[in-house]
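Can you build the whole structure from these sequences, using the hints too?
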Amino acid sequence: MQQSDRAGLLYALAGFSTLSIGDAIVKSMAGLWPPTAMGATRYVLAAIGLCGMLAAREGVGALFRMPKARIQWVRGLSVCFATFGMFTAVWLMPLAEATTITFTQPMITALLAVLILGERLRPVAVLCTLAAFVGVVIVLRPNFAVVGWAVLFPLLAASSMAMLMIANRAAAHSASVLAMQAYIAMTASVFLVIATVLGHLSGLPQLQMHWPDWTVLARCAFIAVSASVAHWLIYMGTAKAGAATVAPMTYGQLLVASVIGWFFFNEAPDAISLLGAAIIIGAGLVLWAQGKVRQPPEGV
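Residue 111 is where the sequence shown starts when you use the numbering used here, and the numbers rise one by one after that.
For the record, the hints were derived by calculation from the structure and aren't laboratory data.
Some hints could be false.
What the hints assert, rightly or not - Below, a list of computed lysine to any residue pairs in the SDA-like style, where the Cα atoms sit at most 25 Å apart: (1) Lys-350 with Val-335; (2) Lys-350 with Val-287; (3) Lys-350 with Glu-168; (4) Lys-178 with Ile-226; (5) Lys-350 with Leu-395; (6) Lys-178 with Ala-223; (7) Lys-178 with Val-303; (8) Lys-350 with Arg-167; (9) Lys-350 with Ser-284; (10) Lys-178 with Asn-278.
Everything numeric in this text was worked out from a predicted model, so none of it was measured.
Encoded structure:
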């Protein structure tokens, strides 16, 4: 393994681990503010910072040159649903279990690529998807009795992230990495602000807006900064070692989530949940390995 590969793996591992820290902070705010409001605050703050950086680096005009605008708005809408789904999931479920279910995203992406992009459906993708959903059923088993169908929120997050991956492919190379980050923060913040207003008007107690304690706003700001840092670390990892090489580091996020859930929220996973997690991770690794084998070697 080359030095750049080692550095890339460490960057990616640090980035994915940082995402779990942000999820834990979201969990610590359960019931203190609507998840839509937390998501809106997180992305509005990120949009302000990223747009400022984009204007400084590429000029103010870059803020208004949104290539493939429809695709950019689809990216933002996907992030809106993913944020709402994940924020709600970590409130209702153990952190590690909610994180585990989101790892069905690669399998869902493979299916969406067939439906939307017209890619050929590979038998291995079908088998991995079926195996992953068996794992999901196993992980969800103890939670259905407690919170009912609300445990499907992490699947909403995974499906929305899969849609984001498809939209990312469609928008690839249309702008700089910084611009793409700024556009997704801008569009997601618009949708999340609208969702916050609609949630408040719905009359549902869980979505009623109020002015929160300053600590809630501070934690939302920390999530915005930490998520941006995490995505930068992941980008650096893929730049140094390649996306295929660093992909398994995503499972470091699950390890960190398990440790945080155990120590800070007293959420020790049981043996059956661990079995379900192992099935989901195994399916993801098989899909990753098959995808890596199908990639032509460099220079071909």
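List, from low to high, the hint numbers that the structure doesn't satisfy.
-> As far as the earlier hints go, not one is violated by this structure.
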